[in-house]
Amino acid sequence: MEGNLNALTTVFTEFYYWATIPLMFFIHIGFCMYEVGASRRRNHLHTLMKNTMLIPLVTITFFFFGWWLYWAMPNGPFITGGLDTASAEANTAWSETMGPNTGDRITGVFWAAFLLFSWTAASIVSGSVIERIKSGAFWILAVVIGSVAWIIDAAWGWHSGGWMVQLLGYHDAYASGVIHAIAGGFALGVLVVLGPRLGKFARDGSPRDITPHNPWLVCLGLFMIYAGFWGFYVACNVPIIDPGGIGGQITGDTWTATTIYLTPTTLGAITVNFLMSLSGGLLVGYLASKGNPFWTYSGGLAGIITASAGNDLYHPIHAMIIGGIGTYCAYKLHYWVEQKFKIDDAVGAVAVHGYAGFIGLVICGFVLWGHPSSPYEGFAAINPLGQFAGAIIMFFVLGFVPGWIVAKILAAMNLLRIPRQVELLGLDFASNREEQAAAADVRATEKAAV
Amino acid sequence: MATTGIESWAVDLKDIGAIYPFQGTEGLFVLAAVVLWLGWHFVQIRAENDEYDGIISRHGDDASINKALEGD
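If you read the protein sequences in the order shown, they are chains A and B. According to our numbering, the first sequence is numbered sequentially starting from 135. According to our numbering, the second sequence is numbered sequentially starting from 3.
Keep in mind the hints are simulated off the structure, nothing from the lab. Only a predicted model underlies this, so the values are computations on that prediction, with no experimental measurement involved. No false leads were slipped in.
Simulated DEER-style distance windows between Cβ atoms:
#1 A:Gly-425 to B:Trp-39: 45 to 55 Å
#2 B:Ser-10 to A:Trp-152: 27 to 37 Å
#3 A:Gly-137 to B:Met-3: 27 to 37 Å
Simulated coverage check for chain B against chain A, where a stretch passes if three residues somewhere in it have a Cβ under 8 Å from a Cβ of chain A:
#4 17-29
#5 52-63
Every residue, glycine too, gets a C-beta built ideally from N, C-alpha and C.
My request is simple: use the sequences and hints to build the entire structure.
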């Protein structure tokens, strides 16, 4: 690090991203809480373990190959160029810069910030498939979405040189599509193959409400996700950079915060817009669901997710209205898809993340129409068609299709769904019996001591 | 000879680079870790299937299932 200003900028940026990581941890805690709260008593422990164990599996696979994919694939490859092995070289699992290295202080922090996004992508899928998927099958799916599919979409559409940004003018500053639409689409692909929980649909096809065993835990989990979402938002920004560092068309020497595309924004913008889109979602979620706590909290999340694509530039009132629109559509679509296609999405993840994310991308194309998607010359401007194409790529091409294919393979190998008897007995049947036996033994001992 | 290659901090840090031990063996360690990861999946899937088979063989009859459902 040469020069005090460079040193300070590097250390500040390093700490800035580091601080996002423990904040984003709260997202995972929240997902675990609301998933366990939504499951029935007989499935608690397996539900918790299913979500928890994606942490080590996605972490190590993201180290093995996920991080390399991000740096190698911005060009497609073979859309705007070949595999970018030169940029990816320093990000291989065996690169010297991935370990303690006095010449590279920040790669590990970047890696971890991206990794927490990977956990989120996999965790979104986890909630929708509870109470009937085999844990081993889910963990394979978690690696596919967390360390392969989402990071390819990030290389394509969430990278300053990504081909979607260059050719489509794709803009998705806080990941409406690159995390939420893809994870929702992936979950839907898996759900189509996995099928509903036993008893979810009556003989005439009408859906039954399998209510959360602990609505309070579910809502607290969603509240926790809001808290972690702050880390997610700030991790999407470059906190400070000078125009020379960007090397694009910006003139002068005014330092700025930017999005991941290196387009200028401000920390103030995203702070206000986060809260306004959350509020729009909460207000509409409450009205649409007639005050149902689960859908009100989910509405807050859907509001943020819908506005996220353009929250670097929206006026706060735009953010509020867009958040509300996305929430209303996601809520209605959830029940329409459930009724029409018999899809049992246990926590509404496809709606809150997938539909809201998709809608957010499309709205962004209209509201930010003509705004430069990049500080570099030759990039397409943001436009409705490019955003719609991007939404299709995120939700269907990189989300639904891989989820459906991998689930089909797992189902063909009889690895996807738990046996019918186990589903009825409950996944925790064996451990519950052990617990009951141990408790009975203690009670008998205590009675004998009276 | 230190495993890290650093035997004294009387150096200019810009001339150093990696400071972890056994530099040059990263590829082998990664290969071993990948094998462990894949092996973990095989062992876990087999154990999970055995667990379900065991539950079904001991408690998979209609009476046990009905009793369990009453307690849910």
